[in-house]
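Peer 1: Respectively, the protein sequence lines represent chains F and P.
No gaps in the numbering here: position 13 of the first sequence is 12 in numbering that gives the first Met the number 0, and each next residue is one more.
No gaps in the numbering here: position 301 of the second sequence is 300 in numbering that gives the first Met the number 0, and each next residue is one more.
No lab work stands behind these hints: they were computed from the structure.
Hints may be right or wrong, so weigh each one.
So these bits of chain F aren't anywhere near chain P, every CB distance computed over 10 Å [unchecked claim]:
#	residue
1	Y18
2	P47
3	E71
4	A125
So, partial list: chain P residues that the calculated Cβ filter (under 8 Å) puts toward chain F [said to hold, decoys possible]:
#	residue
5	A11
6	A17
7	G22
8	P27
9	Y208
10	D211
11	N242
12	V245
13	V251
14	S283
15	Q284
16	Y300
17	C599
This structure is a prediction, so every number in the text was calculated from the model and none was measured.
Beta carbons are placed, not taken as given, at the ideal position from N, Cα and C, and that holds for glycine.
Here is what each chain is made of, one letter per residue.
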Amino acid sequence: MERGTRIRVKFVKRGELKYISHLDLLRTMERAVRRSGLPIAYTEGFHPHAKIQFASALPVGVESTGELMDIELKEEFSASEVVQRLKEQLPKALAPHEGAVVPEGEGKLTSLVQGAGYLVRVEPVADLAGRVEAWLGKDTVLWPRQRKGKVRHLDLRKATTKLAACGTDQLELFLSFSPEATNVRPQEVILSLELEPLFVVRTAIFGEGVLLAPLKKGKN
Amino acid sequence: MLDKKQWDAILARVEKPARYIGGEWNQPPKEGKLAVCLAFPDVYEVGMSHLGLKILYHVLTQKENVVVERAFCPWIDMEEEMKKAKIPLLSVESHRPLSEFQIVGFTLQYELSYTNVLQMLALGEIPLYSAERTEKHPLVIAGGPCAFNPEPLAPFLDAVVLGEGEEVMGEIVDCYESWQNKGASRDNLLRSLAEIPGVYVPSLYKVSYNTDGTIRAVEPEEGVPGTVTKRLVDLAGAPYPENWLVPYTEIVHDRVMLEIMRGCTRGCRFCQAGTIYRPLREKSQKEIMALADKLLKNTGYDELSLTSLSSSDYSRIAELLAALVDKYGEMGVSVSLPSLRTDKFAIELAQTIEKVRKTGLTFAPEAGSQRLRDVINKGVTEEDLISTAQAAFSTGWRRIKLYFMIGLPTETDDDVLAIAQLAKKVLAVGRECAGKGKGGIQVSVSVSSFVPKPHTPFQWEAQDTMEELARKQELLKGALAGTRAINLAWHQPEGSLLEAVLSRGDRRLAEVIMYAWQAGCHFDSWQEQFSFDSWQKAFRKAGLDPAFYANRKRSKEEILPWDHLHSGVNKSFLWRERQRAYSGQRTEDCRLGCTGCGVCPGLGVSNSFAQE
Ligand code: SF4
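Okay, chain P solo, but in the shape it has when bound (with noise of 0.2 Å):
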């Protein structure tokens, strides 16, 4: 039991100590024998801002028999009082050991996040290796975009949900329970899982490799079966929460998040999520604006975001926008779309909702020339960007934020130095607009590093080296000293060299991670926490070479460590797309027209857009 007077002297000391207090409004009433904690590898205010662990909450809740809490990565400072108590990770809702549920599922969001797994495991005193755990251990599973290459964590995990997440989560629950009431053996567990379609369970695979450190085979065992597929929904009526925890401290997304749809028929090559999650799925006007009027209702915010992949591209999203602002106005709500497409129109929606206040608008070109946007894909030209910025500026915006890569594949610096110019054009365009003596124009560029990942047109590709990256940047740097007006902001190069190894890495980077956690590595995504140094160590302790796995361009025929997993999109079309990417050939949005990705025929679905 919790010494409540020590965890109060705790609470105390702790910086925030709101993260760890719950108890907020719409918290349901917990009843239920089985037991299952979403666990969140980062802070309570980063975890309670992701829109998937929401949704899965909620459907949880929904479930009979079942008690849903969350548990978030304590920060350093709560770690150490909690190890010096000898207190274990605890839910925020009951304050339960994590050991103590039946069932633990993490959302791997991101790759830097991976060693918060270990970290929060360990704090919740629950054996880190899958083989180590016992019937008296949680089950431990996994889900979110990385799932779709969880290789890199698999020993320590008991099974990984590919894809969404609202159905299947009720079929894992059912299935334990049967096993629960059978009283079998683990084993017999893990078995039952990996029937559930869309539930990979790694230990039921054998990898070997071959002597130059590819992959030989993945070799699943009897009855097991040798590809796993993703799991859609059907978006129409989909479990949405209507009655979702308004926390007590401000989180990074303090608002309502409403998805409208999900899904992006645009097929940038870059991009993973672009895979997997189509088909593109949109949610009816009518539902949408249900939704919206329950949750404000429910929760008091007086801010509602409709988010998605691209929610510009929503069809009736000019209707959508007027509907809501026309509703809910007069009340103080604001509406927001988190990203806007490179056109006019995007300007008139954003015209309807930020009639007064008009603070930054952000744009991603992604690549700075023609000639790199058509090989990733990114149909947004010249024209396009500089029209829209002429639109915005005219009425009345003052800053435009660009986003940019660098390090994409078949970039020359010509490439890189054309970013310079074409913020430099879109300044231009500002001040023009602004007039004499209406100063005050920024363009702000932010610059990542291009990290290739599974399942996209580029997951053969390699990444630029860490030295390449730098010199890039100061390419870049040196093309924009001296324009005040234009601040550029980029990232480190390390760390986009650690999430390139682990997006595409295979089952021996676990060894990696768990050396670079025994060394203190956690919370890498926080640039203050990372330490680079540690993780060379840890590469070198296990003898793997990071270069391997990030700067090492693949071969059409090699097996990757992914490819028994099933996105929906074909092989056969990521690799034709790279190779109209080298040609310099454009793919049209599937919109307009089926491209042929495999997913609408392999999975029995289509793209359905917005009725009324």
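For reference, chain F alone in the conformation it holds in the complex (with noise of 0.2 Å):
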């Protein structure tokens, strides 16, 4: 293969657009890069897929500041031009604003992602920072799920990595991805709080390696 270029692109996911799913949006972002015109890669095989790659899929329902993918092109691209032409195909609610050329060498967008951040907003509780505390100060805080009809307990505790009050209506959430607490929604945690999300956004990325800034050598 001829030399061809990795950009990472960071994007938002607002308004609506939040209720659309993380394979909705795998699909909206690769009729877009085809839209654009832009020389996208290709798996090889029978089903050949456009060579787009999310960081972590988003939980239906939350908004984010900065979402992040690697689209892989055939040829060599800035990484600005690449951030203009998508944002000519992509609606404001998915709107990118950021890319960067991925060096060589880097491993794939998923290995590298550990945490990410969020901010809820919650129905004004007078004690919530006294409400965090305790729930902190737990060992594990199990939390059933539901899947194919059987329920799976997943340890939100564990999964979570800093959890702050602001006020008496906001929360600050970092969640890990380690494999043992993979896929914790930030609503369950708020749920298990006994609070009700009423907005959530993920506000950034955390990981290894050449994430993009602000997210760069992030440590959560």
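Using the hints, build the complex out of the two chains.
Peer 2: Below, the structure written as structure tokens:
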């Protein structure tokens, strides 16, 4: 193969588009790249797929100010041109706003990602800080998750690397993506606090290696 | 005004919220005073897959002064949420209540969606009966294949469009605008609409009945045309969406659908589409290539389907496929044909487009025996099918799907058993071609129950009773029992019965539809939602017998509920075809010579074939 480029793009997911699933997002991005005319690379085989990789699936219903995806192109391109061309093909609610060329040899995006940060708004509670403290004091917080008729218990406490109350109606939450804690949803942590999540936004994705500013070398 | 916070909370709770958010790529900017809502009486994924809706949406977008939006039937969970929150049915684009549109146009694609029309009107807070609507309410119109007998929905619809909507839709909008400017009465609007060719206003016709329940007369009011003839467009250069909406969530046909021709010349006697879309009109290859280019560029789709009633009949299909594969294959675009005819040529075509990925192939012999295939005028012989299967299996395909119907006119048990025999022969051919140690040959047999349709040579026929259909299904199951490589799928006879009732029904059925809907029936085409029991109660309550509509043979003299609605094909031709069916005589494809259906001389058109 001739020299290609891998471009890491940071984009938002806002408004009602928080309701499209990860698979929907994948399709949408692939189509946007195709419309942009960028020479995207495909996987080999019977069902060729565009080489687009996302950092991590965003739960349905959660907005984001900074999702990450890697796009592999067959030719060399500057990150700014890729961002610009994608912007023209995407609704504002999915607009890309930063990009960087991924250095050769860097691993897959999914393997670099270690966790994510969320901001959550809830109905005001007088002693939000106290409730958070009590929650953090527990060793485990098991949460049942139904899937195909089977119930699995996730340890929410273990997946949570930071939980802090801001005032009476906001929470800052960091979740780790370690294998044992896969896919804990921010809403589940909020529900386990006996709170109703009114609005959830992912504000950061953390990881090792060259993720994008301000995530560079982010440690959680 | 919609309470955004409340709406958001609802979206967070429902299954598939992406059905309700709109904002799809290529959504046109909205401007204009006259708001038209294209309403599809099913869920978003189904309605968005309908080509007619896309075409009309495009046509109306082009029209000055008009804002066009869409509405679909909310799924049960959303319906409950909206009722609880007292939110009316909203359009997808601007979330505007249905009742705030000037025109609401329903697509009638299948009979089992009729209760959904009532459902959407009711959720949209629009009075259900045309007679109850005033100048303040939207004009409610409908079109689509079922519009060729809209009688069961007659009291609910203000006007019905017969045939192709590309031109007449604009005329309706113009008519509405000038009526609005005049500030005249609603009656005045309906009367003006009835003057537009192809527009049928049911309330301007009085239907009377004989004591045996058949129709005595259909009488138009003074000055209203006695028959309404369908509209047709010249397909060459006809408006076609180049910029269509790309949904976020997966829809049923999630690809570019490119219509390459309209109409079919084969004359299968059970097929309504074969009549109502006549004559055959092929687009030029040049136009198709140009459209393909724009559509793929504007949508970013990687799949292109060449749609029509029988795409492998397109005169230049081999050249067209080769050109498309040549141009777009490198870009990872796959091309598909929705239907293949049963011959070796079709396999060659399939090979052009499925060089690597050999999924299944589908063929429709429709009947098991040669005798019965002659009756229905399906020009496929057993040799055709066997040699086609041979060609397919020996070039690497592993799965073949066969479509059949049971309950066809003159059918005997031998004809039913012949389906099993044919399927077994196909399987045997597959195993032979695949050779030893290369198993995995699969034959799927899909059997539906024959539903006699208006405007076909079988419009006078009785449908088999449900018991008879069930017996024939058992017969077939027995004949295929133990053959694991053949899997059999069939439809529930209850749904087919209801379809048969509604498709050839008269106005009195409106009451049944109303009762059924009131009893909670909607989404009848979704098996898990279908309640035959409720429908039976509705028939009893209205004092009507479904068997009168479904299982009764009509005489030649009987006035049929749709006799005043003209598809261009003469009733005398349909009767002649019926007689030929009974004597087992085939009628040739009218590409090879006119067979006298009446469309071409009657409407001043002709079959037209593709240029380069
Ligand atoms: S008039 Fe003749 S050529 Fe035209 S559609 Fe009918 S049968 Fe075919």
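Peer 1: Run every hint past the structure and note whether it holds.
Peer 2: Here is how each hint holds up against the structure:
1. Listed as outside the interface, F/Y18 is inconsistent with that label: its C-beta sits roughly 4 Å from the nearest C-beta of chain P, within the 10 Å cut-off.
2. Its beta-carbon lying about 5 Å from the closest one in chain P, F/P47 breaks the requirement of being farther than 10 Å from that chain.
3. With a least beta-carbon separation of about 13 Å from chain P, F/E71 lies farther than 10 Å from that chain, consistent with its non-interface assignment.
4. Distance check for F/A125 against chain P: the nearest CB is about 22 Å away, which clears 10 Å, and the non-interface claim stands.
5. Annotation: P/A11 was flagged as interfacial toward chain F, and the flag holds, the nearest CB pair being 5 Å apart, inside 8 Å.
6. Interface restraint check: P/A17 against chain F, minimum CB-CB distance 5 Å, threshold 8 Å, status holds.
7. Interface hint at P/G22: satisfied, since its Cβ lies 6 Å from the closest Cβ of chain F, which is below the 8 Å cut-off.
8. Annotation: interface hint on P/P27 violated; nearest CB of chain F at approximately 14 Å, more than 8 Å.
9. A distance limit of 8 Å between C-beta atoms decides the matter here; for P/Y208 the minimum to chain F is near 51 Å, and the interface restraint is violated.
10. For P/D211, the interface hint is violated, the least distance from its beta-carbon to any beta-carbon of chain F being 55 Å, above 8 Å.
11. With its C-beta approaching chain F no nearer than about 11 Å, P/N242 sits outside the 8 Å limit, and its interface hint is violated.
12. Taking 8 Å as the C-beta cut-off, the interface hint given for P/V245 holds, the closest approach to chain F being about 6 Å.
13. For P/V251, the interface hint is violated, the least distance from its beta-carbon to any beta-carbon of chain F being 14 Å, above 8 Å.
14. A hinted interface residue such as P/S283 counts as satisfied when its beta carbon comes closer than 8 Å to some beta carbon of chain F; here the least separation is about 26 Å, so the hint is violated.
15. For P/Q284, the shortest C-beta to C-beta distance to chain F is roughly 24 Å, which exceeds 8 Å, and the interface hint is violated.
16. Taking 8 Å as the C-beta contact cut-off toward chain F, the hint placing P/Y300 at the interface holds, the least distance being around 7 Å.
17. At about 42 Å, the closest approach between the beta carbon of P/C599 and any beta carbon in chain F exceeds 8 Å, and the interface hint on this residue is violated.
Of the numbered hints given earlier, the model fails hints 1, 2, 8, 9, 10, 11, 13, 14, 15, 17; all others are met.
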